[in-house]
Every structure is written in C-alpha cells, then in structure tokens.
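Given chain A, work out where chain B should sit, using these hints.
Protein chains in written order, with this note's numbering: chain A, 6 to 550; chain B, 7 to 505.
There are no misleading hints in this set.
For lysine-lysine, the following BS3-like pairs were computed, each having C-alpha atoms within a straight-line distance of at most 30 Å: (1) B:Lys303 - B:Lys331; (2) A:Lys322 - B:Lys354; (3) B:Lys186 - B:Lys198; (4) B:Lys354 - A:Lys435; (5) A:Lys477 - A:Lys414; (6) A:Lys466 - A:Lys414.
Calculated directly from the structure, the hints in this document are not laboratory data. Note that the coordinates shown come from a computational prediction; the quantities given were computed from them, not determined experimentally.
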Amino acid sequence: MNGENTRSKPLTRKDFLRYMALIAGGTITVGQYTACTNKTDKYAHITGKINGASAAVGHRLRSGGFPTPTVTGHTNTVIVGSGVAGLSAARKLRQHSIPFTMLELEPTAGGNAGYGENAYSAYPLGAHYLPLPNPDNKALLALLEEAGILTGYDPDGVPVYHETDLCFDPEERLFIHNRWQEGLIPQLGITPAVAEEIQRFLAEMERLRRVKGADQRFAFDIPVANSSTDPLFTALDHISMKTWLHQQGYHSEELNWYLDYCCRDDYGADAGAISAWAGIHYFAGRKGRAANADASQVLTWPQGNGRLTQHLLQFSKDALLTNSLVYQVSRVGEKVQVDYYDVKEHITKGIIADHCIMATPQFITHRLLPAMTHATAFVYSPWVVANVTLDEVPASSGYPLSWDNVVYKGRSLGYVNAQQQTLSATAPPKQVITWYLPLDHLGAVASRKYALALDHAHWVKLIADDLETAHKDIHRLIRQIDVQVWGHGMVRPYPGFISSEELKRAREHPYPNVFPAHSDLSGISIFEEAFYHGNRAADEVIARS
Amino acid sequence: MEILLLFSVFVIATCGLIYELVAGTLASYLLGDSVTQFSTIIGVYLFAMGIGAWLSRFFKKELLSWFIQLEILVGFVGGISSAALFLLFEHAMSFRLVLYLLVGLTGTLVGLELPLLMNILKNRYEFRDLVSRVFTFDYIGALLASIVFPLLLVPYLGLIRTSCFFGILNVLVAMIVLVKFHREIKWAAYLKIKAIAVILFLTAIFIRADAIMSFAEGMAFRDPVIFAHTSPYQRIVLTSGKTDLRLYLNGNLQFSSADEYRYHEALVHPVMMYARAHQQVLILGGGDGMAARELLKYPDVEHITLVDLDPAMTRLFRGNTLLTKLNAHSLQSPKLSVVNADAFQWLKANKALYDVVIIDFPDPGNYAVGKLYTTAFYRQLRRSLSDSSVVVVQSTSPYVAPRAFWCVDTTLQTCGYHTIPYHTYVPSFGEWGYVMASPSALHQQQDAVPEGLRYFAAAVFPQMRQFTADMDKRTVRPNQLNNQVLVQYFEDEWGKYQE
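With the rest of the complex left out, here is chain A (with noise of 0.2 Å):
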C-alpha cells in the first residue's frame, strides 16, 4: 500500500512535483508544435473541444458566500443530483405518487451515464454498458422488463432479452503480437504455462462465483449489501488485489496485465491499488444469465447507459430543474431546507421538504452537510472519455472490429465502437469510436489537476498517438475528437476502503429525514449499485410518508 492508494491527501509533495513536471512537459510539448508551421503538426486537421462536468461552477461549492435565499416553494421529497441514483429514487416516488423536486448542477440529467450526438451516431460520455443482471436483483429485472429491453422468461424462468440490446458480435478483440485476436484475454503467443495459470484462475473465479458464506449469502453480490459478511472472504478487502495474485501463485505477465486492466476498467486504478475483494467481485459479483445470449455478454447501446438514463427519466422530467446549484442542506425544525443557486438566473433559493434524498457522491455531500467528515475517506478517480469520430477504423491484421477494442499493455483501456449496436449492413459514412482513459499515472488529486490543465491540442496528440499503436496512420482519418473529463470519474475501492467505519457512516443519516444514496455508498461505481441505493433511500421515504 503507498500513498497513491489510500485516503484523500490533498497532494503529496512528490506527487506534486511530477504533476508540475507532466504540465512543464505538455505545455512545452504542445508549444512546441503550435509554434512550428501547422504543416509539420500531423494533427492540426484534427477539431472537437473538451466538456466536463461543471468543475467552474462546482468549485463554488468550496468559495461558498452565497447570499441568503428565498424561499420558493415546499414539497414531500427534495432530490439532489440526478445520476442513476437520484433518477432511481425519483422513479420509485413517483410510482408510489409522492411529490418531490430533483436539483441537478449540470444542464441535463444522467450523471456518469450521459451521452452525446453527432451527425453519425450517438455515443455515451461514460458509463456504456450493462452486465446481465443477477437472478435475485428482481428491482432492476423489473426496470429492465418495464422499458422493454427484457422480453420475457423462458420456461425455467431465464430471461429474454431484446436481441438488439445485447452486444451485438463481434464483441472483444486485443491487439497483442502486433495482431487483433478475439477476446481480451491473451491468447495469442502465450506459453502452455500460461495458459494453464489463466484457466486456473477462470476456475477460480467460476468457484467464488458460486460460494456463499457462513451466512448463507454469496460472498460476492450484486448489490454488495447483499454480499456475505463472513471474515473469509471480507479479509480479501485488506489486501490489494495484485497481492492476492501473488499469494495465489498467478505470476504471469499476461494474466497480470488481464487484472490491471479489468481493475483500471471497472475502478479506475490497477490491481496494486484495489482491494482484492473488489477485483474478485469485478467476476465473482456477475452471475447473470439469459436464455438467448451467454452469460458473460452485456446489454448496451449507442448512447451507453444513456438508454437507461433515458427511461428513467421519464418518471421525474416535469420535476427536474437542471442548473442548480444545491450548497446547503439544513435542518429547519421537522423538516429539510435545501438551498440552491440557479446558475441561470444568479439568485439562491430555498425549498422546504419533509425529506431530502442525497443522490451526491461524498465529495459534494460533505459540502453541503458540513458534519459528513467521513468524506476524505472517499478516493475518486478522474477519468477521460474521448468521441472519435473518424472516415473509418482501418482494417488490420486478424479479428474484425469488435464493440470493444483493446491494445495489451496499452495506456489507454482502448476503444468502443459506438456504432456496433447499428441494424444497418453497411458501414456509416463516419465512425464514432469511445475511447477511454482512467488517470492513474498519477495519485488521484495530481491526475486530475493535470487533466484540468490541459488544452484540446494536448488531448489530441495523447489520444491519436494511443490509437497509433494498433492503427498505424489513423490520424489522417481522424476528423473530431471530443473530451470529456470526469474529475471524480468514479469511486475507488482501495484496500481496506469497503470494510472501512468512514464508508459505514456514510450509509447513516446525518439527520432522520435525510437520506443518503449513491454509488459509492457501495465503495464501487456501478450501474447497479446507483439503481440500489436510490431505490433504498426512496423507500426509506416510503416508509415514513
């Protein structure tokens, strides 16, 4: 464990050197090539911008001297954020006829689940995909079943789903050797050795999959709530996930290389910096199936899970107010006064509620509820998720472009074919491809002042000189390319952080009517734990209406 891993530190002095190092050398790099002719600057015909989440406004939060509010109006529930969570919770209220208001900073709904438009496709700006659903997570087959992507069961009860909101095949393939080979695990060029380590921890896998605890519950589920508190398998949270490799004999490069990238994928961070019951149940947690795909396949979309966002939506539209600040959450005898900023109009405001739902991540908790002081305990990592939009993805050497494209030992986690869920049988006149990024060069502060810091030109080379390596000369195809930075991406389950008091006392309400829900109330940003716990806290409310 070092200090990259654990806690929040504001910046540690050696990172902070290394990050003013990255920035000298960025500036001088793109200097450098702006200051050249634009002839000899390879990617100078190459346009787009960078989008993030609303940091300018956001960071107001910590200036605060906003000035007293007005009070406009009063409802049963106040919803703040509207990710998956609060868009979750928002659905359940509604279904269940309370009235509630659901405040969200940025202009449009769907958080880490967003997505974008161009002439030639939708694509997401995040979250992008769905596991098959576990068979006891009857609340999100519901959700499924309702918006029309689960069809029905077949006679054992196995669920059918809508053939076009399963991945379409091809589905993964991995540059290694020089070569596209099907899958991501590496096949290719591997000794026996090697493929008998990674079959044997498949298996592994496939057992944890299937074992419960003294309990009686899964060891690892989904939701993690509902996961075995048996000592056996909560100890594997202490360790990180690259140690557990080690203790069990999984020593290879290629099986190695596999888990730091399905931790960089899921978590944001390699297996040295994730706790290894978080990296297990990145397998052991999935137990979905479906009577018309294998089990390993996802559903997914154009738009990502901007799909879901989508349906969700539905069921809180004419309650949303997009662009409002909430800075403060406090307790006005009985009830919850919310205060906001309308980015809008620049005045604060003030809504009375019976109850408040906090759909927020800890990092904007803590400032609105100044007496949440577990929040240093959370870890985010930034992320960058780019939109590619290019004449085509050149042919290469082996496997055909698949919905998932990933380069071994890439920096980047590759890219997503946007356009792969398409009906049509030919190819669009312009391809759109997701490409992805979690910044854990650097520990997490450091990667997200650096990613603030840089301009579009800089994006450009970082992004198009990632895709060289398995397209050599893609640049001259590359027409736009539009950033998205997450500065809190997503949550990170360092070691020890799931089990931790800090994410326990999260969980609790800081007063009786205020409820907390959200992702990384799991210590894992999944679709699936949002849709919990916004269902949880909209019961919560239920209960007491």
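Just chain B, lined up with the frame of chain A:
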C-alpha cells in the same frame, strides 16, 4: 531516309491493325457474340478507311505537315479508344453508337495515312518501287500485329495499355518525321508541342490504366473484365468469357449468364407455387433484376418493390443494353419500383404487407451482411407479412456449408416460421440451397408455373426437397445479432472448402 519512311509505314500499319483488333475485342467483351462483333467492326473499320482514302485527294499542299498532324491525331484517337470505351460503357445510353462512331473515326484517320504518305513519297521514288515497298511493309506490319496482339499484348498489357502503347508509337513516328524534315515543315514548333502533349497524356493513361480498369483484378478473374465500378457499398465487376457473362460483387460470383436461369427459377417459382396470393411482392437484394424477371412472368403480380442497397447496381441493370437483355428489362417495368435503401432499416420503417418476399442477399461472409440473416431480421420481416405470406431466402450451399445452410433454416424456425428447405444444382455455383418460410403451415397452392421455363417445373420440386446424407440437416444454433454464429459456420466451411 528511305529506311526511315519505310519504318514509318511498318509502324503505321501495325498500329492501324491493332486499333481494329482492340475495337473488335472490346466489342465482343462488352456486347458478347464475338462473330457478329468482329465482323461488323472489321466491316465498319475497312469502310471508314475507304472514306479516309477518298478524303486524301483534298490534301494538296503542306503534305508533310498534314501527315504529322494526322499521325498525332491517329495516335491520340487510337490511343485513348479502349480507355474511352470502357469508361463510356457504364454511362452511354447507346453504347453501340459510341462504339461505331469511334471505330469509324479511327478507320477514317488510318485510311488517310497511307495515301498521304504515298503522295509525299511519289516524287522521291519511282512509282512501281514505291507501291511495292509501301505495301510490303504494310502487310508485314499487319502480320506482326495479328500475332503479338493475342499472344503478348492482351495477356500482358491489357487492352487499355495496348492501345495507349500503339498511340504513343504513332505519335513517335510523327516526332521522327518532324525532326528529320524540320526544314520542310511549316508550324514545326507547334506540332512538336502538340506531339509531346499527346505522348504525355497517353503515358499518363498507360500508367493509370490500373485505376481505370484494375489490371490485377483482370488477372484475378477467369475472364476479361469488361466493367468495374467501386460504389460506396461494393465493388461491382462484370466479366465476359467465351460462353457467358459473369457478375461479381466484392469478388464473389453472383451469377453466370449461362446458368443463372437455374438459380433464379429455383429461387422464385417454388415460393410462387406455395403462395396463396401474388399481388404484392417484395424483393430484398436482387438488384440485378433477374428475380424480378421471373416474377413478371405471372400476370397476377400487381406490384414488385425491389429494395437494393446500391444505386450503382440498379442503374447498371436498368440502363445497360447487354444487361437489360439478360433481365428482360424487368427493372424498367411499370409494375416495379426500385428503392435504394438498407434492407434492415427499410423494413423497420415499412408499413405495407407483402404476399411474397424474395430475399436474395449476398452470402453471410462477414459480420455486416450476417445481420441480415439474424432472428432480429426475420422478426422484423414478420411485421411486413400477413399470416399466409411466403418468403424464400437464398441460403448458400448445403453441400459446401451444411451448417451455414441449416443455420438459416433453424434461425427462421426459431422465429416461428414454418420452413421448407430445398436445393438445386447450378453449374457455376455448385449445389445451392434455399429456405422457403411462412408464418403459417406451407401447402402447395397450385401446380401451374409460367410457360417457357427452362429448368423448373412443379414435378421437379419434390426432388429438390430431398437432402442426401452429405448435406442433410445438422444441429446448429440460431443466428442472432449477439452471436453471429452463421458467419462463423460460413467462414469455417467455405474456408476449408477453398483451402
């Protein structure tokens, strides 16, 4: 001096015959029926040469300059002739007219050459000597041309490069004469520039010949390529051999004119025999109009909607005389409307119901086309069918790719269709399979088929439904968007077959 001029005669004669041979060969490639083409081309060419000879009387002064002018012009017209004909084949409304005009022009110019040259030389040689030498070299040149053309030029250079090469030779003759006699020639500088310009132009075509008509592609196909076009969707290539015309899409054979009737009769007539109504028919794919040709033999077909992705295909098969002869002008029929759209997208938007649907897509050789053979596609299709509608799907070879073939059958059954798989022998394809399908049980409705069919008859159908052990039903998974097993079966089986 004498040698030089006689060498010119030799070159001129060779070039003249080459142009004639190029035109004849091109005409038989592009229009078929080589006896007719060669005979009419030779006739027109010789007649035009006669016109040229007659015209030579009007040239009285500056003969040397006119001769040089003429050589440059012959080199230009002859040199570009085959490239021009290939390019115009696709666009010209009446290709024949263009062909004969070009042949006539070349012939006239070539016909002018020798009389003009003899007039130039008449004062330098004794007449008897002159006639003897000129004609000797003329005929030697002709012999050389007729030998090298089929043996060396067509196989190694191709038609476009051959005519460019000889065009350049023609202009070189002009250049040599120009240099040797520059004192006697008016406008020498102007002629020199012109000659150089034409040589450069022809050299450019020579180099770019691959782009005009892919040389490598010409070598890859069995027969000479007469048309090649890369549309945004596919590469369309037509070849013409001794006995047939073949269409290739992305290098895959779509039909041979020699036996396509077997394929298309087997595609269309069984489904018509089983359909209760024929009024509204939908063809998906089939932009060549052959399936439509068979459908139009039924008087009770009221309207055919043909949905083909590629406008280049339907335009080609609607406009080109050679091809409209094959599809009996079916794409021009008032009963037929062509929609250029992606079939999946079109079906999603379609609200009409069809009695009969003919699905004639390319084989599922890649993941993009594979989507058109999935459960999702057939479920989408169901919305355009009534309960009694009948569909037929071309389903690759049950002999080469039995799992792929039975996968189409299984996929349709998974979507609730009743099916009748059947097959037939098409010599250019081999054993070929189809699956007939309907939302309700399939019963034969009639015995009668249109008159004049060359292959299909009601009595043959039971035999087509028999599958021998080597192609009999296999247990396979249905093809879905999220597994695309059909593409895997297809690649597996055809890959092995082609090894």
